Amino acid sequence: RKEVEQDPGPFNVPEGATVAFNCTYSNSASQSFFWYRQDCRKEPKLLMSVYSSGNEDGRFTAQLNRASQYISLLIRDSKLSDSATYLCVVNRNTGGFKTIFGAGTRLFVKA
Amino acid sequence: NAGVTQTPKFRVLKTGQSMTLLCAQDMNHEYMYWYRQDPGMGLRLIHYSVGEGTTAKGEVPDGYNVSRLKKQNFLLGLESAAPSQTSVYFCASSVTGGLMLTGNTIYFGEGSWLTVV
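Chains A and B are the protein sequences, given in the same order. In terms of my numbering, the first sequence has 83 at position 70, counting the first letter as 1, and numbering is strictly consecutive. In terms of my numbering, the second sequence has 1351 at position 76, counting the first letter as 1, and numbering is strictly consecutive.
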């Protein structure tokens, strides 16, 4: 079983839709959590960190559930430009840091 | 505003050939990394460096070697390329180790597409 798991999708949604992605992690020692965005044939870029109390950045909302060991990303009012792969990233510091990337969830937003 | 620069961007190798991927960063970061990305696998760490003159193995180091002779450069070498090394390779750097909520972000280069035939 992978340490960080994501539904690969693809998610196909119309413009203006709300879409949510979940990501589960298996190591309870995981300490910090992030969402990265990766456009087709491009490098990953940090989208947002995920705080314990949940956090929002414009149309994007991230949530963390430590008890169930998952994080989520909600995108409201989807735009064509949101089409990308969203990577769940987990960091832990047990015997040295370790950053684990999920395989990503693909999102296609259609006109 | 270069950030992390990788060369070459595309390369086709024959099995058994050797090559070196070059990575340079201009952000004065201590930590540098080499990842590979394969479909359905996510980014996997090959080797990393915590400072000039240091290197360490990551998750999938076999078949690769690295060197960090200068702080700004991190080289990834394939001594005898195999088809299993066909992948997209990303170099990355950060101020300190790993991602942190305090703002330590990992910055990636644009990627190098390598095909071994």
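These are computed hints drawn from the structure, not numbers from a lab. The structure presented is a predicted model; accordingly, all values stated were derived computationally and were not measured. Treat each hint with caution, since some may be false.
[Unchecked claim] Here are the computed lysine to any residue pairs in the SDA-like style, where the Cα-Cα straight-line distance is at most 25 angstroms:
#, chain 1, residue 1, chain 2, residue 2
1, A, K15, B, A1299
2, A, K111, B, V1287
3, A, K111, B, K1345
4, A, K15, B, D1301
5, A, K92, B, L1350
6, A, K111, B, M1316
7, B, K1332, B, R1343
8, A, K111, B, S1355
9, A, K55, B, T1361
10, A, K15, B, A1331
11, B, K1332, A, A42
12, A, K111, B, T1371
13, A, K55, B, G1291
14, A, K55, B, G1328
15, B, K1332, A, N104
16, A, K55, B, V1370
17, A, K111, B, T1390
18, A, K58, B, T1371
19, A, K58, B, V1392
20, A, K58, B, E1334
21, A, K111, B, M1302
22, A, K58, B, S1293
23, A, K123, B, G1315
24, B, K1332, A, K123
25, A, K111, B, L1288
26, A, K111, B, K1332
27, A, K55, B, T1329
28, A, K55, B, D1301
29, A, K58, B, S1355
30, A, K58, B, N1348
31, A, K55, B, G1352
Status of each hint after checking the structure:
For the hint pairing K15(A) with A1299(B), the CA-to-CA distance comes to about 31 angstroms; that exceeds 25 angstroms, so the pair is violated. The straight-line distance between the Cα atoms of K111(A) and V1287(B) is roughly 31 angstroms, outside the 25 angstroms bound, and the hint therefore fails. For the hint linking K111(A) to K1345(B), the alpha-carbon distance of about 24 angstroms falls within 25 angstroms, and the restraint holds. Taking the CA atoms of K15(A) and D1301(B), the gap is about 34 angstroms. The hint is violated against a cut of 25 angstroms.
Straight-line distance between C-alpha atoms of K92(A) and L1350(B) comes to about 39 angstroms, which puts the hinted pair past the 25 angstroms bound. Between K111(A) and M1316(B) the alpha-carbon distance is near 17 angstroms, which keeps this suggested pair within the 25 angstroms criterion. Taking the CA atoms of K1332(B) and R1343(B), the gap is near 13 angstroms; set against the 25 angstroms cutoff, the hint holds. About 28 angstroms separates the Cα atoms of K111(A) and S1355(B), which puts this hinted pair outside 25 angstroms; it is violated.
Distance check on the hinted pair: K55(A) and T1361(B) sit about 17 angstroms apart at the alpha-carbon level, within 25 angstroms; holds. A C-alpha spacing of about 23 angstroms is found between K15(A) and A1331(B), which places the hinted pair at or below 25 angstroms, so the restraint holds. With a C-alpha separation of about 21 angstroms, the suggested pair K1332(B) and A42(A) falls inside the 25 angstroms cut-off, and the hint holds. For the hint linking K111(A) to T1371(B), the alpha-carbon distance of about 12 angstroms falls within 25 angstroms, and the restraint holds.
Pair hint K55(A) plus G1291(B) does not hold up; C-alpha atoms about 28 angstroms apart against a cutoff of 25 angstroms. Taking the CA atoms of K55(A) and G1328(B), the gap is about 29 angstroms. The hint is violated against a cut of 25 angstroms. Among the hinted pairs, K1332(B) with N104(A) is consistent with the structure: their alpha-carbon atoms are about 17 angstroms apart, no more than 25 angstroms. Distance check on the hinted pair: K55(A) and V1370(B) sit about 22 angstroms apart at the alpha-carbon level, within 25 angstroms; holds.
The hinted pair formed by K111(A) and T1390(B) fails the criterion: a straight-line CA distance of about 28 angstroms is larger than 25 angstroms. A hinted pair counts as satisfied when its Cα atoms are at most 25 angstroms apart, and K58(A) with T1371(B) qualifies at roughly 17 angstroms. Proximity of K58(A) to V1392(B) is assessed by CA-CA distance (about 30 angstroms); at most 25 angstroms being required, the pair is judged violated. Between K58(A) and E1334(B), the direct Cα distance comes to roughly 21 angstroms. Compliance with the 25 angstroms bound is thereby established for this hinted pair.
A C-alpha spacing of about 22 angstroms is found between K111(A) and M1302(B), which places the hinted pair at or below 25 angstroms, so the restraint holds. For the hint pairing K58(A) with S1293(B), the CA-to-CA distance comes to about 30 angstroms; that exceeds 25 angstroms, so the pair is violated. Of the pairs offered as hints, the one joining K123(A) and G1315(B) holds, with about 23 angstroms between alpha carbons and a cut-off of 25 angstroms not exceeded. With a C-alpha separation of about 42 angstroms, the suggested pair K1332(B) and K123(A) falls outside the 25 angstroms cut-off, and the hint is violated.
Between K111(A) and L1288(B) the alpha-carbon distance is near 31 angstroms, which puts this suggested pair outside the 25 angstroms criterion. Restraint check: the Cα-Cα separation between K111(A) and K1332(B) comes to about 12 angstroms, which is no more than 25 angstroms; the hinted pair holds. A hinted pair counts as satisfied when its Cα atoms are at most 25 angstroms apart, and K55(A) with T1329(B) does not qualify at roughly 28 angstroms. Pair hint K55(A) plus D1301(B) holds up; C-alpha atoms about 20 angstroms apart against a cutoff of 25 angstroms.
Of the supplied pair hints, the one linking K58(A) and S1355(B) is violated, its CA atoms being roughly 31 angstroms apart against a limit of 25 angstroms. For the hint pairing K58(A) with N1348(B), the CA-to-CA distance comes to about 21 angstroms; that is within 25 angstroms, so the pair holds. Of the pairs offered as hints, the one joining K55(A) and G1352(B) holds, with about 22 angstroms between alpha carbons and a cut-off of 25 angstroms not exceeded.
In the structure shown, a violation is registered for the earlier hints numbered 1, 2, 4, 5, 8, 13, 14, 17, 19, 22, 24, 25, 27 and 29, in ascending order.
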